[in-house]
Amino acid sequence: MEYLILDGYNIINSWEDIFDLSKDSLEDCRDKLINILSNYQGYRKANIIIVFDAHMVKDSQEKVEPFDNLKVVFTKENETADNYIEKFVHKLGSIHTIRVVTSDYLEQTMVLGNGGIRITPRELKVEIENVDREERNVLENKPLNANYLMGHIKPELLEKLEKIRRRKF
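According to this note's numbering, the sequence shown is numbered sequentially starting from 2.
Certain hints may be false.
Claimed, not checked - Cβ-Cβ distance ranges computed for the label pairs, FRET-style:
(1) 97 <-> 24: 22 to 28 Å
(2) 159 <-> 124: 47 to 53 Å
(3) 65 <-> 135: 26 to 32 Å
As the list claims (entries may be wrong) - EDC-like cross-link-like pairs, simulated, lysine to aspartate or glutamate; straight-line CA separation at most 16 Å:
(4) 72 <-> 60
(5) 46 <-> 136
(6) 92 <-> 66
(7) 126 <-> 17
(8) 33 <-> 69
(9) 33 <-> 136
(10) 77 <-> 54
(11) 46 <-> 128
(12) 77 <-> 66
(13) 77 <-> 105
(14) 88 <-> 63
(15) 72 <-> 32
(16) 92 <-> 3
(17) 72 <-> 54
(18) 46 <-> 3
(19) 46 <-> 60
(20) 92 <-> 69
(21) 46 <-> 133
(22) 64 <-> 54
(23) 59 <-> 69
(24) 46 <-> 17
(25) 72 <-> 17
(26) 59 <-> 80
(27) 155 <-> 141
(28) 77 <-> 63
(29) 126 <-> 18
(30) 88 <-> 54
(31) 59 <-> 78
Because the hints were derived from the structure by calculation, they are not lab data.
Where a beta carbon is used, it is the ideal one built from N, C-alpha and C, also for glycine.
With the hints as constraints, model all of the structure from the sequences given.
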């Protein structure tokens, strides 16, 4: 099983050309990131976990919210996204493929030491852009009738079905 786990706020702050915190609310940026990763997950088929810090929120409890096929985690009070990710990799890194997206050097070192694979926010962005480009190419080059049942039926059977439809059998 493959996991992609990332520090959501780290990504939002790293992708300055996509997220503009001076114009958009943090909530809007979170929603946009979740939607981007949901689309990516549909192509990649990895288990994606987005972790957002809530460690400065008094009395906050860890909250896990499913979104499409993603898991969105808000950490509990006094737990950073890095802490959550470190525990996750430590627990499952030896039995699953876990790719961790962060620009934090210390976090990258810890991930590698526990059997995870580190990926920078920039590398993930390039991966997502490549997936988007591939999806557009597939859609643009797809024949119009490719999704229709009739486009997949042998001509002989199609002829017989047409006779039945017209009651000429």
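* Hint numbers not upheld by this structure, sorted from lowest to highest -> 1, 4, 6, 9, 13, 19, 20, 23, 24, 25, 27
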